[in-house]
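We have chain A already, so just place chain B on it with the hints.
Heads up: the sequence lines are chains A and B, in that order. When we follow the working numbering, the leftmost residue of the first sequence carries the number 36, and every step to the right adds one. When we follow the working numbering, the leftmost residue of the second sequence carries the number 36, and every step to the right adds one.
What the hints contain is simulated information worked out from the structure, not anything from laboratory work. Among the hints, a few may not be true.
[Said to hold, decoys possible] Heads up, simulated DSS-like pairs for lysine-lysine below, C-alpha to C-alpha not over 30 Å straight-line: (1) A:K146 x A:K79; (2) A:K95 x A:K237; (3) A:K237 x B:K170; (4) B:K79 x B:K107; (5) A:K233 x B:K170; (6) A:K233 x B:K55; (7) B:K79 x B:K146; (8) B:K106 x B:K233; (9) A:K233 x B:K146; (10) B:K237 x A:K55; (11) B:K106 x B:K237; (12) B:K95 x B:K106; (13) A:K237 x B:K55; (14) A:K146 x B:K233; (15) A:K170 x B:K107; (16) B:K170 x B:K55; (17) A:K55 x A:K146; (18) A:K55 x B:K107; (19) A:K55 x A:K170; (20) B:K146 x B:K55; (21) B:K170 x B:K79; (22) A:K55 x A:K79; (23) A:K170 x B:K233.
[Unchecked claim] Examples of chain B residues toward chain A, derived with CB under 10 Å: (24) F218; (25) L219; (26) R231; (27) K233.
For every residue, glycine included, the Cβ atom is placed at its ideal position computed from N, Cα and C.
There are 2 protein chains.
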Amino acid sequence: MHVDVIPTINEAISDDFVQKTVVVIDVLRATSSMATAIEHGCSKIIPVETVNRARQLQAKGQMLGGERYCKKIPGFDFGNSPIEYMNESVRGATIIMSTSNGTRAIQKSLKASHVLAGCILNASACARAALAFEKDIRIVCAGTQDQFSLEDGLGAGLILHEMMALRADLEVGDFGQAMHSAFLHVRDGLEEALFRCKNGRKLVRLGMAEDVAFCARPNVFEAVPVMRGDALVAWRPAATAN
Amino acid sequence: MHVDVIPTINEAISDDFVQKTVVVIDVLRATSSMATAIEHGCSKIIPVETVNRARQLQAKGQMLGGERYCKKIPGFDFGNSPIEYMNESVRGATIIMSTSNGTRAIQKSLKASHVLAGCILNASACARAALAFEKDIRIVCAGTQDQFSLEDGLGAGLILHEMMALRADLEVGDFGQAMHSAFLHVRDGLEEALFRCKNGRKLVRLGMAEDVAFCARPNVFEAVPVMRGDALVAWRPAATAN
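Here chain A stands alone, though its shape is the one from the complex (with noise of 0.2 Å):
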C-alpha cells in the first residue's frame, strides 16, 4: 500500500485521487472542529465551499458553522474553535461547515473513493480507518491561502506514524518521509511546535491560544468524520468487526 502526503490544496490534483482514500488535514482548525463535533455526536457535517451556500442549504433545524479570516461568520451559530463543538446543542445535530481551506481542501477531494477528516486529535483513529479501507492512500495538507502549513505537516506526520505501527508494508513517497521525520523530531514538544508555527502565533494574537492547546493533544478522540454523500459522518473502528 503506498501513502503520499501532498503539501497544499494548491498542489492536489483531483484525477489523482480517484480510487483512493483521501485524509484532508487542516488542524488549525477546520477538520479539528469537525472531528470534535462528531466525537461529541453530531450526526452530519455538510461541508460548502462558500457563505452563501452554506447559507442556502440551511433547512429548518439545520446548524450553520465556520469561519472567514478565523472568525465566526455573522449569523452562523458556530465558528470555527473545535472547543465550541463540545456544545451539548450539537448532540444529533446536522451542521453546515463552510472554512477557508479544510472545506475546500475537501471539495477538492470528492474524486476519492474515500474522503476522511483527519488532526492530531483522532490520528490513531484515522489511521486504523484510512487503512480499513485497503486503498493507496493521499494524505494532503490543506495549508493556508496555498501555502505549507507546519501544523498540517506535522499531523500528517503523526497519522502517517500511527499507520506504520499497524502495517509494516507501507510504502511512503519523499515528501511523507520528511514528514514524518519532522514529527518524530517534535513529538515531545508537539504543543510548542504549534504555538510556534505561523497559524499558530496567528490564533494567539486573535485570543485563541486555547484553541491552539487543545488542538495539539494526540489521539484523544476516537470518532473519524467520513464523507458518506455530501456530508460528514461517524466513523468508528469498531464498524469494521460489523
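Positioned in the frame of chain A, the structure of chain B alone reads:
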C-alpha cells in the same frame, strides 16, 4: 532576517526573489556536482536549460557537462556525477552545464540579488555566504519533475541549521521549520536517508550508489558556487574579509 524554504522549483515565484538571496539545492546531483567542480578549481560553470543551448554556447576550450534521465549526454565531456568533477582537467576550466532540474532552478532564480548553489557537501560555507549578503533568503529545493525530493529538503534543513548556528535572529517560515526538524531527526543517519529516498533508490538501480554516498557528507567543501553574470564562480568565506 527572514528565511523561507520552497519545496520545488514549480512553487518558486521568480518575482518573489527580487532583492533576495536564493540558495538552489539539488543534492542528487546537480548542485553537488557544481560544488565539487568549483571546489576542485573550476573557474566558471555556465548553467543552461537545454542541451542545444549548451552546444550553441560552447566556445573553443570550454567543456560540456550534464545529464538527461540521470545519464551523460552524448558528446559531452562530463555527466552529472560529482566524482567526475574531481578530475584534474576541471582546474581552470569553463564548463557549460545542463541538467534536468538543477540548472532550471538556477535559471528561474536569476531575478534574485544573489544566487548560490548549495548542497550537503558545502552546507556550512553556503550558510555563511548566504548570510554575508545581508538580504532575506529563499532556499529553493529543486525537486524532481515538480515533485518534492527528500534529499533537497534535508539539504535545506542542514543549511538552515548552519545559518541558525551563526545568527540568532532568523525568522524561519513553516516549511523551513519542518525541513529543519526533519534534518535534525535524521542527522546521524543522513546517508541512509539519502539511500532511502526516491532519487537515491533510482541512482542505486542505475549503478551510481557511490554518488549517493558522496553527496551525503556534510560540510566537507569550503567553496560555494555563486552566480556572477551568466556563470557560477567560487565564493569563499575568506572573501568577506576583503
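Hint numbers the structure violates, sorted upward?
Hints 2, 15, 18 contradicted; others consistent.
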